[in-house]
Structure formats: C-alpha cells, structure tokens
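The chain contents come next:
Protein chains: 2
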Amino acid sequence: MIKEIRRGNARAIAKAISLVENDSAAAQRLMRQVFAWRKDAVVLGITGAPGTGKSTLVDQLIGRLRAAGRKIGIVAVDPSSPFSGGAILGDRIRMMRHSVDADVFIRSMATRGHLGGLAKATGEAIAILEAAGKDYILVETVGVGQDEVEVVKLADVVLVVLTPDAGDEIQAFKAGIMEIADIFVINKADHPGADKMERQLRAMLDLGLPDKDKPSVIKTVATKGQGTDGMLSEVDRLMEKRDRRLQEIRRKRLLAWMLRDVIREKIDQLISRDIPDSVFEEYVDQIYHRRTDPYTVADRLISRLKEKG
Amino acid sequence: MIKEIRRGNARAIAKAISLVENDSAAAQRLMRQVFAWRKDAVVLGITGAPGTGKSTLVDQLIGRLRAAGRKIGIVAVDPSSPFSGGAILGDRIRMMRHSVDADVFIRSMATRGHLGGLAKATGEAIAILEAAGKDYILVETVGVGQDEVEVVKLADVVLVVLTPDAGDEIQAFKAGIMEIADIFVINKADHPGADKMERQLRAMLDLGLPDKDKPSVIKTVATKGQGTDGMLSEVDRLMEKRDRRLQEIRRKRLLAWMLRDVIREKIDQLISRDIPDSVFEEYVDQIYHRRTDPYTVADRLISRLKEKG
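Protein chains in written order, with the working numbering: chain A, 878 to 1186; chain B, 878 to 1186.
Worth flagging that the hints you see were computed from the coordinates, not collected in a lab.
One thing to keep in mind: the hints can contain errors.
Heads up, the list lumps identical chains together, so a pair's fine if it works in one copy or across two of them.
Distance condition first, Cα-Cα at most 30 angstroms in a straight line; then the derived DSS-like pairs of lysine-lysine [to be verified]:
id, residue 1, residue 2
1, K948, K1143
2, K1183, K880
3, K1118, K1091
4, K1096, K1118
5, K1118, K916
6, K880, K1091
Looking at chain A on its own, in the form it has when it is part of the complex:
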C-alpha cells in the first residue's frame, strides 16, 4: 500500500486516510512507513468565515498551481456543525473542475468524533499527502473552534480570507486573528466598502505590529480570477523570504501537538482495553449516587492501568 501511495495513487491515498480516521492497528503500521517516506511539501493554511468565497479562491489557487505543474493535496477540515449541515467545503470542492485531475487530491476531514484529535487527524493527512509526492498541501478551515485555528496557524503560510460584506470584521481582529495571518485576502473586492476595509485593516496592522511581521493585504475577486496571480506570487515570495528556521518551528509545533494527540489516543485505547466497561460504569454509578467523585476515580483507574503494565 505504501508503494501505491508513493506513486500518488488516489485510491490508495483515500484508503490510507480512511484507515487513519478509523484508527485501526493497520493504520499505525502504515503511518510508520508514511512518516519514513514523506517529503516536506509547502503547507498553505486557508481560513475565513463561511461565505467569504474561500472555496472559489482555493479553486483558483489549484488552477494556477496546476498550470505550473505542481501536484496538490487539499485537506478541508470540517467542523460538522449541525447548523452548517456539515461537509460544506469538501462537498463543494469535490464538485469542481479539478476533481478529475489525478494530481489533485481532495479530502474533507470531519472533526466529528475527533474530540481534540484534530492535530493528529490533520497531521496524518498531511503526512500521507507528502508521502504521495504532493508539492503543495492546502489546509482549509472555516475558522470555528479553537483547535481548527491552531491547526491552520501551524501551516507554512497562512491566508485569512475576509470580505467587505461582513459587518463584524473588526471584531475578528480583537480575538487575535491578526497573529494568525501571513496574508490577508480581501475577497469580493468589487463589492462596496472594499477600499474602506483595506484602509481599516492596514491601519490596524500599523498599530499592532512591527514592519517585519506585518502580514500583506491582497484584494481579489475570486469568481473572476482577479488578484489570484498576485496572491500566489505573494505566497511564493513569503516561502522564499521566510526564514527556514521559522518554518521548522511551525512544523515542529504541529508535530509536538500531534504527538500529544497520539499519546492521548493510545492511552484511551489502553483504558478501553484494560478497564472493562462494567467497571467503568460501576464507577460512574457511584459518582452519580455521590459515593465518590470523578477525581478520586480517575486516580484509582490510572493506578490500575499502571499495575496492568
């Protein structure tokens, strides 16, 4: 299977990601090989509220990168909100013109069920795509939830997509999105208020950050392909300019975060294996009837786990 992945076989890649999502023992054996064979790709993080035109922008990005002969992997991290209907990005992208291109692999990853395991899931998907020889990997999120923001900010270059339409952009900056972005993209720049928004944004960046850390601001009309060339050259420029060291730091942070997730999941598996459901339920029952509390029980179960070796 690792052979097929290294050849870039889309079915093998898809199967590997599914294996990983289902967390089978086979997945771990495979992932050990994947980690041995992966080669660093450029990882772009793209985030923005729903409705900012992120998918169209990504579609344009894919077009440009393909024209330059790059192989591309897309990971759309999906918050599976009951209010968004889930799978927003992935489904839309999948229907796009690139879905038949063998060198474009698109995968939507649901965060459903991955309680806090987003780093692991995303890190593994990136590693698989790197082993498959992708040159660029686009990690796309809708920026809800802290984990999602964490994942995206660990990419080599982070694009934050805004529009002149949204009334609450200013609020967004308050919440610390300023530090996430390497490039701000004002999409739908043909809508009223785009220039005003750019001014506000630049003014805010002038206040908040020293020159060398200042993210660039680019205006696009993704539906017409306007400004996307400029956006891509800015990505290239950043990748060249960017301190190799900074990149290494971000990558290691992602790996560290992922490692913690892997440890957590392994311990969860140990707990399920070594502590019978009946014992666990008996403890829950005792907590419910106020005969003990979760902290005392946790201590007891952890000691028990250690004894079992």
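Once you have looked at the hints, place chain B on chain A.
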C-alpha cells in the same frame, strides 16, 4: 470555601470555577467536596445558531424562573471563534437586567485551550452551581463544534432555537439536530415565513420520529415576551413527564464523558511531570528529521510513564 459556595456566595462560585479552569491541585480538593454536596438541579440545554435570539430568550426564561422564586445558574459555553469575536453570549448576558440579582449566577466558559475538555469544564461548572443550591442551570451554546453539541444534548431538557430568517434550517435537520431537541423554539415568529417553517418542521418530525419521542414545537417572539410562558410550561411538563430513568441515563452519560476527560487531563499532567520538556522536544526533533515517527515515540513515552509509576 465550600461553605461559601453552599451559601450561594457569587464570588466563591466564580472563584471555584476559575480554580477549575486553571486546573490547580486546590481545584481537585475543592471539587471532591463539591461533588459530595451537590444536589440535582434541572439542567436545561439551549442551543441555536448565532443571531437566533437565544440570549433574549434566556433573559426571558430567567425572568419567569425568578418570578417563581427559583435560583438560577447560567453557563454559556463559548467557542472562542476568531470570527465571532469570542464571549458573545456571556458578555451580552452579563449586561442584562439580571446581573445584579444575587440568585442568578452567570458565567461564560471559554473552550479556548480546553482541547476536548469541554465535558470536564461544563460538568464541573454544573456541579459547582448545584452545590451552590441552584434550582435551574441553563447551559447555552451556539452549536458550533461537535463537543458543544455533545455537551448540550446531555442536559435534562434540550431546547433548539431556530428562526424563520435562516435559509438553511432544512440542512440543519440533515445533520442530525433532530435527535438533539426536546423542544424546538421558532423564535422571531413575527417574521415572515414562521408558519411555513413550522409546517416544514412538523412534517419532517412526522416523517422521522415515532409519536412518543417527538419534540414539541413552540413559537416565540422573545423581544416581546410572546410565547415564553408556553415554552416554560412545556419545559415543566417535560420534566414531570420525563422518565426519571431517561434523565438518569443522560446524567450518567455526562459523568462518564467527564470522567474520561478527567483521566485524560491527569495523564497529560503525568506526562508533563515525568517527561522533561527536553526529552519531549528531542523526540519531536527526531520525528521532524524522519529518524522516527509519532507512533513509535508514543509507545516509548507510555512505557516510560508506566515504569516511573
């Protein structure tokens, strides 16, 4: 401190929740007492997309419950999205007319940093408010993120707030929100489309669920206080009618989920304590340089943890 909490002292409650959020050793000693002293309150889960008027509805609910002499705790679970600006609910509620009422305790809990620890944080806040003698505890979320949905669906009665304005309500049902709700509240029912929406909703419920499990549908205009009496009697009716067993099942599920979070956090603490940062970083470095992989490292670190006892 437990004494002051039991008296309902708001500062003591606030301090206890902060202790718990910061995860100090003192918090665990306190929480053991909290769990011994808590008495079951009615826990209402209230969820709905931003802009549905949830806060106004909660404000109305508080008014009615206070008029009946009930003591109330509100936990607003906050996704800390960089796009929402964070602390949406909590801040808004805090400014309301009930903030000076000693028998209304309002707390916004950020999910920031609580990677997957939402069950623990919410469970602890509920337990503290129960120890403080609250009769009703309202857990409010904006329904983004799977964890948030999980938390809310473990309440005794779950209200899902919709509006006729939102175009994508139908999608919401697809994603399984139907199973979460005990009561659907169509707020802003004076807006056009409210009746149509009610019909669609009822039609969908008729198709999907047997009569006895069917959630009720209630129309409100929260800003004018219309329909909120009916909503509250429906909550009371459900609480009386509701199988005590079902309630016990939901409560135990929350406790089980919380217990898992407590175990996870304790193990995280063990890892930080027993595995020096330098060792952890050295491993990350080796993964980065492809000399090993996260799975092998995780196995090694877990064995090391066990040996340390």
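Hints, verified against the model:
no., hint, verdict
1, K948 - K1143, "neither (33 angstroms within a copy, 43 angstroms between copies)"
2, K1183 - K880, "neither (39 angstroms within a copy, 36 angstroms between copies)"
3, K1118 - K1091, "within (13 angstroms within a copy, 60 angstroms between copies)"
4, K1096 - K1118, "within (21 angstroms within a copy, 58 angstroms between copies)"
5, K1118 - K916, "within (20 angstroms within a copy, 61 angstroms between copies)"
6, K880 - K1091, "neither (43 angstroms within a copy, 52 angstroms between copies)"
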